[in-house]
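Student: Chains as they are written, first to last, in this note's numbering: chain L, 1 to 354; chain H, 1 to 152; chain E, 1 to 126.
None of the hints are false.
Restraint ranges, calculated between C-beta atoms of paired labels, are given here: (1) E289(L) <-> K48(E): 33 to 39 Å; (2) Y7(E) <-> K203(L): 46 to 52 Å; (3) F116(H) <-> H142(L): 48 to 54 Å; (4) T337(L) <-> G76(E): 31 to 37 Å; (5) H352(L) <-> F116(H): 42 to 48 Å; (6) P86(E) <-> K59(L): 35 to 41 Å; (7) R82(H) <-> K48(E): 45 to 51 Å; (8) A47(H) <-> L4(E): 24 to 30 Å; (9) D327(L) <-> K48(E): 40 to 46 Å; (10) K160(L) <-> D65(E): 38 to 44 Å; (11) S55(E) <-> Q117(L): 53 to 59 Å.
Don't read these hints as lab results, they were simulated from the structure. Ideal Cβ positions, reconstructed from N, Cα and C, are used throughout, including at glycine.
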Amino acid sequence: MKRWSLVIIFLFIIFACSGCKLKSAQLKEFTDEKFLMDTLIQVTVYSDDEQKGKEALDKAFAEFERINNLTDRFPKDGKNTAVFSDVIRINENAGIKPVQVSTDTLNIVQRSLYYAQLSGGSFDITIGPIMDLWGFGKNEQHVPSDEQIQKTLSLVDYRKVIVDPDNGTVYLQKPGMSLDFGGVAKGYATEEAAKVLRELGIKHALINAGGNVYALGTKPDGSLWRVGVRDPRNENGIIAVLSVKDTSVVTSGDYERYFEERGVRYSHLIDPSTGKQARDLMQTTVVTESSTDADILNKPLFVLGHQRGMSFAESLQGVGAIFVGADKQVTFTGNLTNQLKFTGDGDYQIIHQK
Amino acid sequence: MATVLNILERTIVIPGASPGIKLGLANIMTLLSIMMLGGKDAIIIVAVRCFLGALVGGNVISFLFSITGGLLSVLVMVIMWRYLNKYISIVNISMVGAVFHNIGQLFVASLIIHDFSVYVILPILMISAIITGYIVGIVTKQLYKSLGNRMI
Amino acid sequence: MKNLNYYILASLLLLVLISFGVSHLVQRQMTEGDLRLEIYTDGQLYRKISLSEASNEEIKVPNKDGHYNVVEIEKGRARIKESDCPNQMCVKTGWISQPGQIAVCVPNKFNIVIKGKSNKVDTISY
Numbered sequence: 001m002k003r004w005s006l007v008i009i010f011l012f013i014i015f016a017c018s019g020c021k022l023k024s025a026q027l028k029e030f031t032d033e034k035f036l037m038d039t040l041i042q043v044t045v046y047s048d049d050e051q052k053g054k055e056a057l058d059k060a061f062a063e064f065e066r067i068n069n070l071t072d073r074f075p076k077d078g079k080n081t082a083v084f085s086d087v088i089r090i091n092e093n094a095g096i097k098p099v100q101v102s103t104d105t106l107n108i109v110q111r112s113l114y115y116a117q118l119s120g121g122s123f124d125i126t127i128g129p130i131m132d133l134w135g136f137g138k139n140e141q142h143v144p145s146d147e148q149i150q151k152t153l154s155l156v157d158y159r160k161v162i163v164d165p166d167n168g169t170v171y172l173q174k175p176g177m178s179l180d181f182g183g184v185a186k187g188y189a190t191e192e193a194a195k196v197l198r199e200l201g202i203k204h205a206l207i208n209a210g211g212n213v214y215a216l217g218t219k220p221d222g223s224l225w226r227v228g229v230r231d232p233r234n235e236n237g238i239i240a241v242l243s244v245k246d247t248s249v250v251t252s253g254d255y256e257r258y259f260e261e262r263g264v265r266y267s268h269l270i271d272p273s274t275g276k277q278a279r280d281l282m283q284t285t286v287v288t289e290s291s292t293d294a295d296i297l298n299k300p301l302f303v304l305g306h307q308r309g310m311s312f313a314e315s316l317q318g319v320g321a322i323f324v325g326a327d328k329q330v331t332f333t334g335n336l337t338n339q340l341k342f343t344g345d346g347d348y349q350i351i352h353q354k
Numbered sequence: 001m002a003t004v005l006n007i008l009e010r011t012i013v014i015p016g017a018s019p020g021i022k023l024g025l026a027n028i029m030t031l032l033s034i035m036m037l038g039g040k041d042a043i044i045i046v047a048v049r050c051f052l053g054a055l056v057g058g059n060v061i062s063f064l065f066s067i068t069g070g071l072l073s074v075l076v077m078v079i080m081w082r083y084l085n086k087y088i089s090i091v092n093i094s095m096v097g098a099v100f101h102n103i104g105q106l107f108v109a110s111l112i113i114h115d116f117s118v119y120v121i122l123p124i125l126m127i128s129a130i131i132t133g134y135i136v137g138i139v140t141k142q143l144y145k146s147l148g149n150r151m152i
Numbered sequence: 001m002k003n004l005n006y007y008i009l010a011s012l013l014l015l016v017l018i019s020f021g022v023s024h025l026v027q028r029q030m031t032e033g034d035l036r037l038e039i040y041t042d043g044q045l046y047r048k049i050s051l052s053e054a055s056n057e058e059i060k061v062p063n064k065d066g067h068y069n070v071v072e073i074e075k076g077r078a079r080i081k082e083s084d085c086p087n088q089m090c091v092k093t094g095w096i097s098q099p100g101q102i103a104v105c106v107p108n109k110f111n112i113v114i115k116g117k118s119n120k121v122d123t124i125s126y
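Let the hints inform the model, and build the full structure from the sequences given.
Tutor: This is the structure we're talking about:
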């Protein structure tokens with residue numbers, strides 16, 4: 001009988017205990033990077049399931065590949081990208097006929113035209129001929145003459161892009177016109193990749209496509225993602241840190257793609273109205289939910305400069321922006337105040353709004 | 001005796017109180033098994049309990065965690081009890097067992113994620129092991145005494 | 001043997017002290033010792049170099065078309081020092097030292113990346 005009482009006591013204790021079980025599954029980090037769109041694309045996702053994590057990475061990169069193929073104007077290594085590239089076909093048929101394109105391309109064009117209009121032409125995807133004139137796409141950069149610029153400017157006009165949503169076509173009215181998606185492709189691809197991750201049920205992820213950042217959800221521990229903003233004159237430094245979730249942070253600077261001739265730096269950020277570099281600012285950063293918008297908006301903000309850029313940014317809903325002037329003065333939209341912290345590095349003068 | 005326990009264990013498994021209490025009770029059980037049923041039986045009970053736990057609601061990884069920590073801990077305690085129980089108090093054995101349990105689990109964690117960075121929590125883990133080990137030891141000592149009197 | 005209990009207690013105390021030391025070391029390793037450079041040619045990993053204990057070094061990396069890039073390494077940073085590519089963008093990128101930063105030579109299909117964990121930010125927008 002005493003034995004049984006012992007057994008019963010033991011059993012009672014066994015009931016209440018499952019001390020061998022570990023806490024419910026931990027979130028694991030899955031990360032990978034690939035070289036696409038002329039830059040390094042890094043994707044990090046968190047999932048409690050290994051298969052799901054790997055699948056999420058593969059699908060995200062697949063989106064980048066897909067958009068890259070649609071938007072690449074300069075196919076490399078003899079790949080027959082012309083078959084995929086909507087951009088190439090649109091450009092080849094400028095002044096000839098409308099071209100049927102994929103829904104993604106249509107979306108990109110429409111969104112771009114929307115902002116082109118809103119910004120009064122400070123952003124213009126028809127800037128292709130000017131970019132070619134400066135040699136940016138083909139790596140043969142040189143400073144063109146004013147005459148050449150003037151002549152080529154006649155081919156830059158977003159109003160001459162005719163989109164037929166019902167038939168899914170895009171038509172460039174004048175021969176010689178060409179679209180350049182360099183200012184929007186990465187953002188759009190990032191947005192598509194983020195969509196795919198969401199569909200797969202990923203709740204925490206970080207995408208960095210060549211500096212084009214999208215923070216999905218929060219960090220696994222619930223805190224906000226910390227995105228640093230690079231110092232335009234110091235590649236190793238950060239001038240500010242943004243704390244964000246479900247937001248895109250995209251930065252454009254005159255240090256990304258440029259060449260120097262006779263001591264003057266010529267960056268790839270060109271004002272569509274003059275055909276020449278915008279020089280008021282060194283760097284702009286856009287903070288907003290849509291990665292496509294963030295990518296696009298950097299261009300008009302950079303071109304418009306400090307004052308007009310700030311007004312334009314403030315007129316936009318749900319958009320925050322940081323402006324770093326060539327004079328090292330830094331301003332930012334008021335809606336970023338709570339998430340923005342300056343590091344104090346690099347002797348920039350931070351102008352706070354009243 | 002041990003087989004009886006195992007059979008009964010197999011038929012009844014209920015999720016109970018908070019994890020801390022669960023763990024504590026499990027360790028009391030383990031220690032009592034060592035003292036009253038002998039080393040071999042105690043080891044078997046630990047192993048079986050971990051298998052059951054994994055079957056019911058765990059996965060391979062949590063099983064690895066529990067079996068490593070559990071076996072390491074019980075083995076150390078068995079050795080201490082068998083050869084040294086005249087010189088070491090039950091409380092101390094319990095504390096050492098708890099410490100090894102946690103070390104075992106942390107080690108498995110570091111192997112699984114291929115990263116030593118888990119060891120940042122080592123101090124907290126050690127301290128909590130010592131505290132819970134102490135409490136478990138005291139409780140077990142009491143139980144042993146009162147049970148021992150009744151068992152003859 | 002009689003004092004074994006005390007030895008046990010003393011060892012446990014020692015264990016706790018040691019564990020603080022281990023934890024500290026691991027933390028330090030996490031924030032600084034982790035910096036490394038990865039060199040890729042043609043998309044494949046060519047070499048991995050730790051930057052936390054690196055001494056000054058120069059590495060010439062040829063690619064299969066006969067072109068080359070020269071990587072210069074110092075403690076905590078690296079750069080593409082020289083290249084035979086036409087636009088020299090990679091050289092102009094200069095020194096990189098933050099995790100996630102890259103220097104790319106598109107014509108030569110060559111790039112270097114800084115890997116590691118940064119404790120100030122999770123990623124950098126540039």
